[in-house]
Amino acid sequence: MSEVIVITSGKGGVGKTTTSANIGCGLALTGKKVVLVDADIGLRNLDVVMGLENRIVYDLVDVVEGNCRLKQALIKDKRYNGLFLLPAAQTRDKDAVSPEQMQKLCDSLKEEEFDYIIIDCPAGIEQGFKNAIAGADRAIVVTTPEVSAVRDADRIIGLLEASGLNDPALILNRLRADMVKRGDMMSIDDVTEILAIDILGVVPDDESIVVATNKGEPAVTDMESFAGQAYRNIVKRIQGEDVPIMSFERDEGILDKFFKNIFRRG
Amino acid sequence: MDFFSFFRKKDNTASKNVAKDRLKLVLVHDRVNCSSQVLEMLKTDIIKVISNYMEIDEEELDIQITQTQSDDKTGTVPVLYANIPIKSMRKVNQD
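So the sequences go chain by chain: A and B. Note that the working numbering has the first sequence beginning at 28, numbered continuously upward. Note that the working numbering has the second sequence beginning at 146, numbered continuously upward.
Please note that the accuracy of each hint is not assured.
Said to hold, decoys possible - Residues from chain A shown here face chain B by an in silico Cβ test under 10 Å; the list is partial:
no. : residue
1   : 172
2   : 213
3   : 220
4   : 222
Said to hold, decoys possible - In silico SDA-like pairs for lysine to any residue, Cα to Cα no more than 25 Å straight-line:
no. : chain 1 : residue 1 : chain 2 : residue 2
5   : B       : 165       : A       : 220
6   : A       : 208       : A       : 221
7   : A       : 38        : B       : 177
8   : A       : 208       : B       : 161
9   : A       : 38        : B       : 179
10  : B       : 165       : A       : 274
11  : B       : 161       : A       : 227
12  : B       : 165       : A       : 173
13  : B       : 218       : A       : 221
These are computed hints drawn from the structure, not numbers from a lab. Note that the Cβ used here is the ideal one computed from N, Cα and C, for glycine as well.
The whole structure should be built from the sequences, with the hints applied where relevant.
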């Protein structure tokens, strides 16, 4: 059974592409056959985040317009078994495809026996968004603990539900435990209370993401990083496993605790 | 209360609470999908109807969309809040 999952957010820059890359790669690491579809036509980026930018020959628009066969456009990631990328076109715009064509594309990908088809949705609520959600069975909304991102997430949740994509799941990205502790950042509970939606995962604000993106290797493969662990947990939850949300506070050494107690009693 | 707590911020002034309150209010408006023009039209109509029965203080009139706890206490629902000061009653023909 294949499942089409769209990763969306409304607001740009909250981490949709990074989330898509990590979820796709993480699912492939568990032995699933996965295709990542970059639906951000005109502003493609999933290829660089995945480190596959040098291998693009055909793209999504070529497939839709019949310039090539679907299999010719799929880039096989040689590092991770079972992982493929369908890149977006860079020289076209959102109107180059219609929701009906995207729906058809998703159906053809299902016939290729992918377990998961992950669609990286562009920012905004216009044509690109409508295209990206057209063939989806399930939606994941990415947000950060900021007023603007949460507001846009709320709007997107409404639009998803209006399109029949009920019960989208939330990923809270770039959470900073220290700021939450100080009361200077909304917590997981604050955000889920406002959006009234189930949380699929929480990803800490972690330097390892920047390093991973620099190298074109998704952080989910980094066994040392907090963000990598967070993505591996999300991948387990997508597959139905019940994994508790991790806490992101680093273990304090004895010296840290000692000094903390001196300077901040109570 | 220890010495250092004097320097720490009180919880209700924490910036995340400001963010939450602002977000909640913005979302009430977003979800109701009521533009400020529509609200202005509504206000004009309400004044027109009420003025048939009483003289009201249009300067002090306050109409806004806000939220309140739902009857079953499971969440909040949007409400239209109107505070309309009455100056005097008009004589209304009751037949």
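Status of the hints after comparison with the structure:
1. 172: Since the shortest Cβ distance to chain B is 8 Å, the answer is holds.
2. 213: For residue 213 of chain A, the interface hint holds, since the closest Cβ of chain B sits about 5 Å away, which is under 10 Å.
3. 220: 8 Å, holds
4. 222: With a closest approach of 9 Å, the residue 222 of chain A hint holds.
5. B/165 <-> A/220: 10 Å, holds
6. A/208 <-> A/221: Cα-Cα ~19 Å, so holds.
7. A/38 <-> B/177: Since the Cα atoms of residue 38 of chain A and residue 177 of chain B sit roughly 20 Å apart, the hinted pair holds (cutoff 25 Å).
8. A/208 <-> B/161: The given pair, whose Cα atoms are some 10 Å apart, holds under the 25 Å limit.
9. A/38 <-> B/179: 21 Å, holds
10. B/165 <-> A/274: Measuring from Cα to Cα gives roughly 22 Å; hence the hint holds.
11. B/161 <-> A/227: 22 Å, holds
12. B/165 <-> A/173: The hint holds at about 9 Å.
13. B/218 <-> A/221: 15 Å, holds
When held up to the earlier numbered hints, the structure conflicts with none and fits them all.
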